[in-house]
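Spelled out from the first residue to the last, the chains are:
4 protein chains.
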Amino acid sequence: MPDFAAIADRLTEQRIELPSWAFGNSGTRFKVFAQPGVPRDPFEKIADAAQVHRYTALSPSVALHIPWDKVASYADLKKHAEDHGVALGTINSNTFQDDIYKLGSLTHSDAKVRQTAIDHHFDCIDIMGETGSRDLKIWLADGTNYPGQDDMRGRQDRLTESLQKIYERIGEDQRLVLEYKIFEPAFYHMDVPDWGTSYAQVAALGDRATVCLDTGHHAPSTNIEFIVMQLLRLGKLGSFDFNSRFYADDDLIVGAADPFQLFRIIVEVIRGGGYGDDGDTAFMLDQCHNIEDKIPGQIRSVLNVQEMTARALLVDRDALSAAQLAGDMLTAHGILMDAFYTDVRPMLAAWREERGLPADPMKAYAESGYAASIVEGRVGGAQAGWGA
Amino acid sequence: MPDFAAIADRLTEQRIELPSWAFGNSGTRFKVFAQPGVPRDPFEKIADAAQVHRYTALSPSVALHIPWDKVASYADLKKHAEDHGVALGTINSNTFQDDIYKLGSLTHSDAKVRQTAIDHHFDCIDIMGETGSRDLKIWLADGTNYPGQDDMRGRQDRLTESLQKIYERIGEDQRLVLEYKIFEPAFYHMDVPDWGTSYAQVAALGDRATVCLDTGHHAPSTNIEFIVMQLLRLGKLGSFDFNSRFYADDDLIVGAADPFQLFRIIVEVIRGGGYGDDGDTAFMLDQCHNIEDKIPGQIRSVLNVQEMTARALLVDRDALSAAQLAGDMLTAHGILMDAFYTDVRPMLAAWREERGLPADPMKAYAESGYAASIVEGRVGGAQAGWGA
Amino acid sequence: MPDFAAIADRLTEQRIELPSWAFGNSGTRFKVFAQPGVPRDPFEKIADAAQVHRYTALSPSVALHIPWDKVASYADLKKHAEDHGVALGTINSNTFQDDIYKLGSLTHSDAKVRQTAIDHHFDCIDIMGETGSRDLKIWLADGTNYPGQDDMRGRQDRLTESLQKIYERIGEDQRLVLEYKIFEPAFYHMDVPDWGTSYAQVAALGDRATVCLDTGHHAPSTNIEFIVMQLLRLGKLGSFDFNSRFYADDDLIVGAADPFQLFRIIVEVIRGGGYGDDGDTAFMLDQCHNIEDKIPGQIRSVLNVQEMTARALLVDRDALSAAQLAGDMLTAHGILMDAFYTDVRPMLAAWREERGLPADPMKAYAESGYAASIVEGRVGGAQAGWGA
Amino acid sequence: MPDFAAIADRLTEQRIELPSWAFGNSGTRFKVFAQPGVPRDPFEKIADAAQVHRYTALSPSVALHIPWDKVASYADLKKHAEDHGVALGTINSNTFQDDIYKLGSLTHSDAKVRQTAIDHHFDCIDIMGETGSRDLKIWLADGTNYPGQDDMRGRQDRLTESLQKIYERIGEDQRLVLEYKIFEPAFYHMDVPDWGTSYAQVAALGDRATVCLDTGHHAPSTNIEFIVMQLLRLGKLGSFDFNSRFYADDDLIVGAADPFQLFRIIVEVIRGGGYGDDGDTAFMLDQCHNIEDKIPGQIRSVLNVQEMTARALLVDRDALSAAQLAGDMLTAHGILMDAFYTDVRPMLAAWREERGLPADPMKAYAESGYAASIVEGRVGGAQAGWGA
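Residue numbers (the numbering used here), protein chains in the order written: chain A, 443 to 830; chain B, 443 to 830; chain C, 443 to 830; chain D, 443 to 830.
For reference, chain A alone in the conformation it holds in the complex (with noise of 0.2 Å):
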């Protein structure tokens, strides 16, 4: 097994975005507990995740999701963001809180409603002009509930046809990314339910659109890692989503419920070339904190990216490679057992001071006393997102 020092430069590579939205109270359809201190506006939530950034030096931008994050000057964003010494990310499109989009979006049978919802990812690459961003992301809503309700396949045509137009405005250095999920909000059916759609979806579209994975929009026992593998050979792997399930689009903490599962993820990231400066491949979280506090959850679900990150690079790829050839299956599983069963933890604090870093993040964190800052100083005022 490679020793920590032998990686210690390839963690540096590692860049985990941030949503903001995750700093926004959030919840599930039959409760949204408030937390105190939450951010009242996009520069509040830049400057929560601020200081997971300051903590880790693993997550340097920030996703911003149009219109939840919409201000007057994305100028002023953008230096207040570098202020405090991250970047703006991904734009995120939204065609699903508006009354108009009820019945679908990019996929409605009414012209009018995808134009409008057309003229609203237009306006987010402007942002991303303004920004930037280098990826739009699409995340479709669209579906229905009921069998007979709508034409699926008038559907799919009218998403090809909606997102070709997306596609002609996005500029040589920007990229479309379209993300899947299986269900929900839709209970029948989703446009675009699984990687084989998007996959389809884009690569119709062209070279500058790709796939986004998010690890809770997979249908119950599906392999995961064969997608992301998959989807890098195919050169379509746009952007990863990180989060954690046991049921459905539970929304945990990435490495919560199935730690194995996330090492097995990045394994496959990492032989497939897209880890850090090796791809072009966007890593970001997508969870809502219901329940927990949202700074450390942020914090906690980066260290848990890293030190899976840490233990797939210490992979005997040579030794595993030898046991795989020689079809000798207990020797090869053993190989990649042995890196997920590594305590890295040590290893990473001390990676963390020589870095100047605090050696426990969380613990950091907790005695800065910004916790207490943000509850006593945001009072009043209203919140943009899903929890809103």
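Hints were generated in silico from the structure; no laboratory data involved.
It is possible that part of the hints are untrue.
No distinction is drawn between identical chains; accordingly, a pair holds when it is met within one copy or between any pair of copies.
[Claimed, not checked] Quick list of in silico lysine-lysine cross-link-like pairs, DSBU-like style, CA-CA up to 35 Å: (1) K520 - K473; (2) K805 - K554; (3) K805 - K544; (4) K512 - K544; (5) K544 - K607; (6) K520 - K607; (7) K512 - K554; (8) K473 - K544; (9) K607 - K554.
Keep in mind that this is a model prediction, so the values were computed, not measured.
Assemble chains B, C and D onto chain A, guided by the hints.
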């Protein structure tokens, strides 16, 4: 196969309770689409529910949800219901929308929180006295999101204690009904996740404690009709929440996702003595109508149950038993399918007309003008509930 | 709704290929229950298959499985089939029952094993020349049981190479059809687990390579009709394996587990131009009859497909489109359900009689004496196949 | 966190029974890959099982499966086991491989078949007397494949009667253990599909009847550790079958698919008093080694359980309880994860050496020459069992 005349009387025994909350706005965590004309208070919910009964004669009672349906005078509400031709039914408690229940209610480690939740159930029992309700239905949202978050065993023991206190307050002619659900809103464990837990808990309480089976609350591929059979066999199927799902707790119109499953369930209900005057199992809808119209959604639902009940009653039990005893599985299966594939809709239309009901309740409601009248009449006002 | 007369002609376009292996013994890993009278060789399998066609006129061809159905002279076998009123159909390869395939076949890291598997497919193509078959169907059991056992990416690349070699040998009027399956017999990963993988592989091969969708090969809660829609839209739905499941790849009689799903699937087949003379999708059964009688099991199966096809053809497409465009989802859903709930069995009985077929094929077969004759006549002899 | 020294003694309490059938050939319905050197009779199976214990000191007993392990003299077999340093353990009955059980055994509608199955259990109890076994484990393959095939309620009632007769024959110091399984080999319903059914059945029998939980026998996404907690709380967790699965009853090496789940399960076993000398729950492996080597597969398996047990014993219960009571869920979750992420392998190697065992049992076995000796020595002969 028995002819329809032979089962016509049995169909008159059917009673499907409606949930008051089905008439209010509801939605997913992503968006609640408000509908014009939704009720502004419990009185208007009952008025809407009465429409369903008026055109179908299938839903003579309405379940209330406390505190959503709290009113100054339950005597007035009861009178209002009776004036509209329906009765007040099951009282449903709610321990999932107050901030103090963030980490649990009847299972909470803090005795004060538990007592608050117990007191809420005492309030519900008081209301039952006023409304004349028989059943107190408890669906607990209690659970945890992360392994280690709390001690599952301690919570289970506290659940037993809390239920015991509530059970002691239940009147001689009243029942406690404990519902189970595999997940949501808790995403790691629910304190009452399966029928076995609900059964073990109510068996420890006594004869007046029973299980509520909600068709949407099981793991994928669970054989629900087996559980119906088992609970009836054990004398513990207290009540039944109808709805329909493709994925998780989708809460679609009953019969919309898997009509054959609904048929098999009702076949077992009848087989086990749970149907109509044979037993004391309470049947009710528990669904959302997130995007479809609510009153027609409820009419469609009770009709779906009725149509499947008619098919289930048409099963030729003698021929079925004979084929089963002969080990002739293709014939036995075919006898079941013969009933399922019978188109009972014309007979039911005639059955309705014989009883002074419209042949086509959906059409009769649509033509009644009621929908337009509530859209016009119900302006402003606040609504308590789900999508509030 | 169209009346039955309007669809009668379209029903004559239906062709459902039968699998030769459905007539032999089969079972689970726990036990194969042998049935008296099962065929002792491919000739007897075809004789049995011809019985199904005789009573239904639905199954004019029989798929062969190589090497189970290897014979000295395919010309003789073809002649034998024609004498019995049926044709030879799809050739299915088998790379899962030889010891050398323990760790893979077309994906194996050993070039010699891959070549053996490729050669087997060349043999199959030779046989196709003799039998006049159009389709070579490849279902791969390749995969791994343990994470780390082998390199999924390397296997996928080798799969591409192997398929390329086979594809090059396929004749101008022939097709390569690649089937996918989520799991079993491999329990960690399958090399072709999902439609996306099969699609990406065949798209890379060329126009004569297509996907085979087997209804039992998906993760729980997968929306199969969506995949039907998508593959037809992409021009890649080459063939279709019918069967039915409650849990995994249970291989029950098609329509037995979820008749409404079968209906929805066929609705999309018709919608997408895949039905009958409209398209070139091949439809076949791929089921086991572990405990029920095999010939009646197959008759029941093709009748189930026919009955659902009749219902699907009865969908009032114009009214459906109008309701869909109006956003009237309850009406649209209701129009679909109207067709599903129509009891087409009496019309189909008449349809059969008009065409010189027995009104009740199950009954006609049962009374034919064929079952007794094979039990008596087929004694001894060895059988190649599944449960051999 | 407790240091390793504090838990070293508790690790000596661990006993993991091995299944005799794990050493014979096994496979899927598609293919059984024979392995050279597999045992030809029960004596050789025990010799192989003894190898596992020799290098690990974790598996002092071997479970037998009747009739696979029928011998002329159980006294001889017992003596043979003792000579090899192990004991005979649980007796497993088999009512799924005889033709008469095609439609059921203890649940069959034919009293003669039921009596045959009951008599088989009487034979097993007789053998228990000779072998000194405490537990009779009953896993029933009974169920149906098609809705309507048989009457589920009647079967459940007959199951109760049959179990009653068997239970009456069980000795004062013996136990009846009833295993449940969601599906396979029956594909529509199993007569004992879930823990609730098993619990209700054994609760009706008496104190010496308990439930067997097999980790592979649940619906997808079932929270298994919750069931462990519940059964221990109810005093009914008689025994525990370890294995691992990604999809269905895959029967892989325990800990191979989801090590964190195994950890959580053992945490609940310890929490509930089921571990080691605290309780009387029997732990055993119940896995197949279809493609990997069998003896190393079993060694790997018991080591996996031991490693997870060490981690579970390291959980800082006091700190955990404190964090739980404080409602500090991120800290509580973190305390659990601290134990899980601890690399206990070096400590366990030392622990073994202190006890005269090899530090690396896998390596020690590989170097022992045993594998080569059995390949050479065991030629010919017939094997009863699974893949026979």
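(message) Tell me the numbers of any earlier hints that the structure contravenes, in ascending order.
(response) Violated hints: none; all satisfied.
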